[in-house]
Amino acid sequence: MFPLNQWYVGGFAHELTDKPLARTLLGRPVVIFRSGDDGVAVLEDRCCHRSVPLSCGILDGGGIRCGYHGLLYDGSGACIEIPGQVKIPGKARVAAYPAVIRDEVIWVWFGDASGTQPHCEPPAIPAHSNPRYQHKTGVVHYRAPYQLIHDNLLDLSHVGYVHGKTIGGNAKVHMEAPTTVSSDENSVRVVRWMKASTPPATYTAAWPFKGLVDRWQEIDFHLNHLQIFTGAVDVGAESLENPERGGFHMRGFHGVTPETETSSHYFWTMSASAHPEQPDNIDLVYQQTAQTFEEDRVIIEEQYRNMRQFAGAPQVDIHVDAGANRARRIIAVRTAA
Amino acid sequence: MFPLNQWYVGGFAHELTDKPLARTLLGRPVVIFRSGDDGVAVLEDRCCHRSVPLSCGILDGGGIRCGYHGLLYDGSGACIEIPGQVKIPGKARVAAYPAVIRDEVIWVWFGDASGTQPHCEPPAIPAHSNPRYQHKTGVVHYRAPYQLIHDNLLDLSHVGYVHGKTIGGNAKVHMEAPTTVSSDENSVRVVRWMKASTPPATYTAAWPFKGLVDRWQEIDFHLNHLQIFTGAVDVGAESLENPERGGFHMRGFHGVTPETETSSHYFWTMSASAHPEQPDNIDLVYQQTAQTFEEDRVIIEEQYRNMRQFAGAPQVDIHVDAGANRARRIIAVRTAA
Amino acid sequence: MFPLNQWYVGGFAHELTDKPLARTLLGRPVVIFRSGDDGVAVLEDRCCHRSVPLSCGILDGGGIRCGYHGLLYDGSGACIEIPGQVKIPGKARVAAYPAVIRDEVIWVWFGDASGTQPHCEPPAIPAHSNPRYQHKTGVVHYRAPYQLIHDNLLDLSHVGYVHGKTIGGNAKVHMEAPTTVSSDENSVRVVRWMKASTPPATYTAAWPFKGLVDRWQEIDFHLNHLQIFTGAVDVGAESLENPERGGFHMRGFHGVTPETETSSHYFWTMSASAHPEQPDNIDLVYQQTAQTFEEDRVIIEEQYRNMRQFAGAPQVDIHVDAGANRARRIIAVRTAA
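If you read the sequences in order, they're chains Y, R and P.
Going by full-length UniProt numbering, the residue at position 83 of the first sequence is 83; the numbering climbs one at a time, nothing skipped.
Going by full-length UniProt numbering, the residue at position 109 of the second sequence is 109; the numbering climbs one at a time, nothing skipped.
Going by full-length UniProt numbering, the residue at position 71 of the third sequence is 71; the numbering climbs one at a time, nothing skipped.
Since the hints were derived computationally from the structure, they do not count as laboratory data.
Where hints are given, some of them may not hold.
If chains are identical, the list can't say which one is meant, so a pair holds when it fits in one copy or spans any two.
[As the list claims (entries may be wrong)] Below 20 Å or equal to it, Euclidean Cα-Cα: the simulated PhoX-like pairs (lysine-lysine) are:
1) Lys210 <-> Lys195
2) Lys195 <-> Lys172
3) Lys87 <-> Lys195
4) Lys136 <-> Lys87
5) Lys165 <-> Lys19
6) Lys172 <-> Lys91
7) Lys172 <-> Lys87
Quick caveat, the model's predicted, so the values are computed rather than measured.
Based on the provided sequences and hints, a complete structural model is requested.
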């Protein structure tokens with residue numbers, strides 16, 4: 001059970017090639033392919049004839065042709081050719097999901113009934129076209145439910161323990177940082193400031209800080225993705241309340257989409273600011289970002305494996321859970337609706 | 001549930017060595033070994049003492065000896081020696097299945113009750129001893145129910161899509177070829193002619209055709225195997241109605257045996273005619289035959305994986321399904337009996 | 001279901017390093033680590049906060065710190081620090097199991113209720129400190145229930161069939177050896193003598209026997225381990241009734257602990273006597289011991305795999321089963337209690 005009538009991330013535009021892309025989203029196997037000029041089609045990944053995955057077939061003139069007996073489907077899911085047969089039965093079609101590409105992200109609409117159309121635009125990801133930043137992307141498969149990834153991203157106190165070699169820094173400083181949590185019925189915002197703190201390894205590699213820094217973490221959770229803005233300026237150099245502040249910026253996009261009830265896709269981009277005097281160091285930021293997300297995957301999959309081992313064991317809340325718990329309540333309300 | 005009181009293919013004679021052969025047939029693990037001069041024994045693969053597979057033991061004087069405590073069984077399944085013990089309890093025995101070797105094929109009888117004896121001979125495979133042909137064999141394991149393999153073999157319209165590089169040829173010609181289907185209560189025959197068609201790659205490699213060919217596919221489905229006769233002559237050179245016609249011949253034997261409800265054994269031989277001027281090219285025919293069956297395995301296993309993903313999804317019949325659907329009805333009637 | 005209120009082997013002291021040791025015992029995932037001077041702690045392997053395995057964390061001052069958010073636990077299972085939070089809730093704790101190290105073996109107490117304390121000492125393994133012997137250890141994981149390993153160790157008639165190349169020797173001699181079986185409510189003793197028999201390969205490699213030997217096997221089964229004393233003297237040289245007899249000795253310790261209902265840990269040591277004239281040959285004894293236990297693992301896992309294939313199939317008892325059947329009855333009575 002997942003919240004419906006909303007957009008989910010299905011992948012990145014650059015994943016679409018001359019081959020079909022097979023992926024399971026919200027428990028439904030789909031095939032994703034370019035259809036039309038800038039369009040993208042997302043169909044149920046099943047030929048209506050003998051159930052072979054359409055993703056085993058080939059792209060053909062904006063549609064997709066089954067690799068077993070050649071049935072051809074257009075982007076709406078209708079079968080438009082059965083080789084060797086004149087009449088095409090009306091029921092020869094598969095489900096199609098509304099989909100668009102915006103800011104390099106493939107968004108797919110999952111409604112609560114067949115044929116439901118989107119009632120809103122998918123979110124913009126402005127960092128992807130902000131000339132101040134370069135960005136790179138990654139796709140990580142998780143053998144864990146997607147809300148465990150939300151929990152992780154909404155609670156950046158773990159970075160001192162899990163990511164000590166990269167973006168972490170002193171664990172105690174993280175755990176004791178003043179944190180504010182705010183929310184409405186669709187989103188949660190968590191802001192943490194670590195003033196006059198020692199910059200972590202990734203920051204000092206990327207940016208020539210003079211010494212201590214004023215560091216921030218601004219986490220914005222939405223039902224279908226998170227945007228996390230982190231960074232630092234030399235201590236006292238600028239107000240952390242200034243939205244136009246300079247310094248080293250890392251703007252993360254985190255598309256967390258259920259694959260099944262027990263597995264997930266994690267589509268991420270990292271948009272970071274290169275310092276003009278050391279532009280090559282930005283590669284290190286991406287490498288360490290990828291390493292960081294791999295560290296998260298390992299511990300979250302271990303966590304989920306253990307949750308099944310200890311099914312029903314109680315959990316004790318601590319101070320860092322406020323943001324994650326609000327996000328869970330929002331999803332619970334939306335799923336029940 | 002499978003049709004009982006019939007022979008199934010358990011393997012090939014050349015698979016029997018000085019080691020026991022373990023195989024699961026119709027959901028029953030069995031051990032197969034030579035017993036007596038030309039005989040073959042097929043026993044339940046379980047020592048009656050502590051359930052160790054007999055196939056972990058050794059062959060000993062026409063019987064099989066358990067590798068744990070040395071109990072010796074003869075080809076009828078009776079325990080005939082318990083080392084260190086004089087008396088052999090009457091219940092010290094395991095089930096035995098009637099089995100014979102004919103034309104290099106091991107046939108095993110599965111009755112509807114213990115001890116049921118065969119009421120007919122197993123089928124002959126005359127191509128195996130026809131001096132006109134050479135033949136080679138293969139054993140393929142399928143993670144798919146056996147009737148999906150029947151479907152595939154009874155519908156050779158798929159060869160244009162799945163086997164384009166070898167025996168396929170033009171997909172549209174295949175899909176539009178005139179096809180006749182006939183059947184009785186135990187068999188189905190599908191005949192397709194593709195006159196004046198372009199020979200596929202395997203054919204031109206094996207035989208010096210002058211140009212276009214008259215090509216045929218004759219599929220004979222039986223409850224425990226299929227025999228498929230395909231080939232071609234130079235266009236107009238001979239009547240396709242002449243059973244003694246020349247040209248390039250490929251005679252396939254296809255023993256399709258359930259391993260379990262969800263997996264299968266596919267025992268095949270290909271008997272082909274080498275052209276006297278280019279006898280070495282026959283090796284290519286076998287290589288491409290093996291490649292073809294591997295291509296089928298990939299798509300059928302994907303099909304079955306997807307059928308489980310979309311359990312209960314309806315399927316739309318098309319024109320090529322006539323033969324396969326009759327075979328399914330025959331098996332359904334026999335299974336219910 | 002396993003007998004409770006008793007010690008089980010959890011591992012060997014030398015397995016404890018500066019990293020936590022994760023292991024599942026009796027279906028319960030635990031983390032094992034040194035705590036205090038000679039102490040060992042065994043805790044439920046689950047942080048009470050978000051269920052991450054504590055074994056993914058680090059050892060810290062005699063306790064263990066979770067690798068996700070830094071919660072610190074002492075050896076009693078109490079959480080004694082939550083970074084960034086002053087108050088520690090009373091329920092912030094995990095289960096702890098009483099554990100001691102004796103004669104290099106880690107013993108863990110599993111009671112029938114939380115907090116149950118041991119009412120006896122764990123067993124001594126005197127061979128581990130007997131200057132007459134050297135010993136080596138091994139840990140083998142079994143995909144089979146632990147009582148199948150008991151069956152194997154209590155019935156050394158199988159060594160002729162399974163271990164023909166090492167400790168086996170003539171299979172018929174083993175199967176026909178006079179055997180006495182005695183038992184009480186907690187233990188079984190099986191003694192077998194093979195007088196004037198040919199020594200097996202391992203024995204002749206380790207010890208300069210003159211020819212035939214008087215060979216013995218003394219198996220002592222206890223609820224949580226077995227000790228098996230085997231060896232040989234030159235034929236007629238000494239009475240096998242003399243507990244101080246010389247010759248070649250192999251004293252095996254066999255800690256068999258359920259991992260789950262269907263898998264097991266097998267912790268073994270072999271204490272053997274090196275002959276003064278050929279002390280280097282003792283290495284061969286250990287190599288062949290390890291090979292022997294690997295041969296057992298293969299056949300027992302095949303046995304269990306087959307028992308599931310043939311679920312419910314009857315088993316026929318033979319003469320060698322007397323000891324194993326008594327051990328099974330003892331465990332059945334204790335499990336029911």
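Hint by hint, here is what the structure shows:
For the homomeric pair Lys210 and Lys195, the shortest alpha-carbon distance inside one copy (14 Å) is at most 20 Å, but the shortest distance between copies (83 Å) is not. For the homomeric pair Lys195 and Lys172, the shortest alpha-carbon distance inside one copy (14 Å) is at most 20 Å, but the shortest distance between copies (71 Å) is not. In the homo-oligomer, the alpha carbons of Lys87 and Lys195 never lie at most 20 Å apart, since the shortest distance is 72 Å inside one protomer and 25 Å across protomers. In this homomeric assembly, Lys136 and Lys87 never come within 20 Å of each other (Cα to Cα): the closest approach is 48 Å inside a single copy and 42 Å across copies.
For a Cα distance limit of 20 Å, the shortest separation of Lys165 from Lys19 across copies, 19 Å, qualifies, whereas the shortest one inside one copy, 39 Å, does not. For the homomeric pair Lys172 and Lys91, neither the shortest alpha-carbon distance inside one copy (62 Å) nor that between copies (23 Å) is at most 20 Å. Only between protomers do Lys172 and Lys87 lie at most 20 Å apart by alpha-carbon distance; the minimum there is 16 Å, versus 71 Å within a single protomer.
When the structure is compared with the earlier hints, violations turn up for hints 3, 4 and 6 and for no others.
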